[in-house]
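Q: The whole structure should be built from the sequences, with the hints applied where relevant.
In order, the protein sequence lines correspond to chains A and B.
In this text, residue positions in the first sequence follow numbering that gives the first Met the number 0: the first is 0, and each later residue adds one.
In this text, residue positions in the second sequence follow numbering that gives the first Met the number 0: the first is 0, and each later residue adds one.
It should be emphasised that the hints constitute simulated quantities derived from the structure, not laboratory data.
Errors might be hidden in some of the hints.
What the hints assert, rightly or not - Coverage of chain A stretches by chain B, computed from C-beta distances (three or more under 8 Å per stretch; other residues unrestricted):
hint : segment
1    : 15 to 27
2    : 41 to 55
3    : 72 to 78
C-beta atoms are modelled at their ideal positions from N, C-alpha and C, and glycine is treated no differently.
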Amino acid sequence: MARWIPQPDAVGRNEHIGRRLFDEPMLTGAKDQKPFNGLLVNHFLETRDEQVSVDRLGKSSVDRSVVRYLMPLAESAGSAFLSPKRFDGWTVLPAHRVQETQQSPLQVVASPETNNPYHAHILTESFLTAVEQDKMRRHLVALYLRELFTKHGTIHQAAEVTETTEDQPNWVSKFKHSVLRLFGR
Amino acid sequence: MFLPTAAASIAIRTPDYTPGPTSLSGSEISWVPSARRLSDSKPEQLIYITAPVKPQWFASVQMRLRRSVKPNSRADNDPEWISQEVADAGNAFFEKTADILPGEPFIYRSSLGDLVAEFRTERGAMTTVVSPGFLLLFAVIDGKPIERQVPESGDVRAELQELSSQLRMDQHGAMDTAA
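A: Written out as structure tokens, the structure is:
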């Protein structure tokens, strides 16, 4: 099946948008603490501007061919950080969960890039405008977005993508999983 | 029976005592009650103020913060280190509030350089962002997000008390410990 190509100017209500999750390093002196099972504020904190980048992963659900297209881009983005970060996958939810109405302070807008037609932004300029301190507002925006994705979203792990290959028929994949299960792997 | 008088008392001599040039007569001696003191080293107010008992995790968190202070050789935006100012703000926050926090925090550095502490309970979650300039409390209790922005001069304990007690409360409400 051909890969879904999104409209370049509008994001549909049911489109599934995903925020990339990169491995976040722990504080040097705090590596002895118990692991935290949850999304971190940093996953939603934009350091450059007010726009939070997301990927449009499918028209009404996560499209595997889109994910396969985006994987190398995401991995390459991870290696471009000052300290390279492993790409772990996406946290995904339907666009309407972010943008409940046209008047919503959070808007999801398409912003295709040359190499990534699936790129979009969550605009946050109109959100929490009463907060005077910019740094505090950015943290708050990230906290609210994390709450949205935690409450309504799912995790699409990068490992799931690498396990399946494009040309494999479904029955081959199922057989392979059964054999792996049988041998406890 | 012998009753001690002021004149008799002043006449008692001890080996290391040398009387002054003028001797005092009994009428010149007036009894002055000495100030009531409980300690030679601490003012009385401090003795009566009970310091809250710190939870077991407090020392570990202090240690983690201390060990994470950025040495001069590291870059400012290195995600594995925090600045001395942020560590100080974190220490001050835990010092003030450790006894009312809902449990041991998971700490990390936010991408903007501040300290983030995550707390989880069965009833919900709370995140605090500690910065030298502000404190942010964000709790999700029974699925409802609640935020508190605490300025530098704000009363952190008062703001935190309500959120924290709600997070620790079980589904049947607050437990009354009084008999």
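Q: Within the segment 15 to 27 of chain A, is the number of residues with a Cβ closer than 8 Å to a Cβ of chain B three or more?
A: It holds, with 5 qualifying residues against the three required.
Q: Can you take a look at whether the segment 72 to 78 of chain A is actually covered by chain B? Rule is 3+ residues, C-beta closer than 8 Å.
A: violated (count 0)
Q: Examine the segment 41 to 55 of chain A: at least three residues should have C-beta closer than 8 Å to a C-beta of chain B.
A: Held - the segment 41 to 55 of chain A has 3 residues with a Cβ nearer than 8 Å to chain B, which meets the minimum of three.
The structure fails hint 3 only (numbered hints given earlier).
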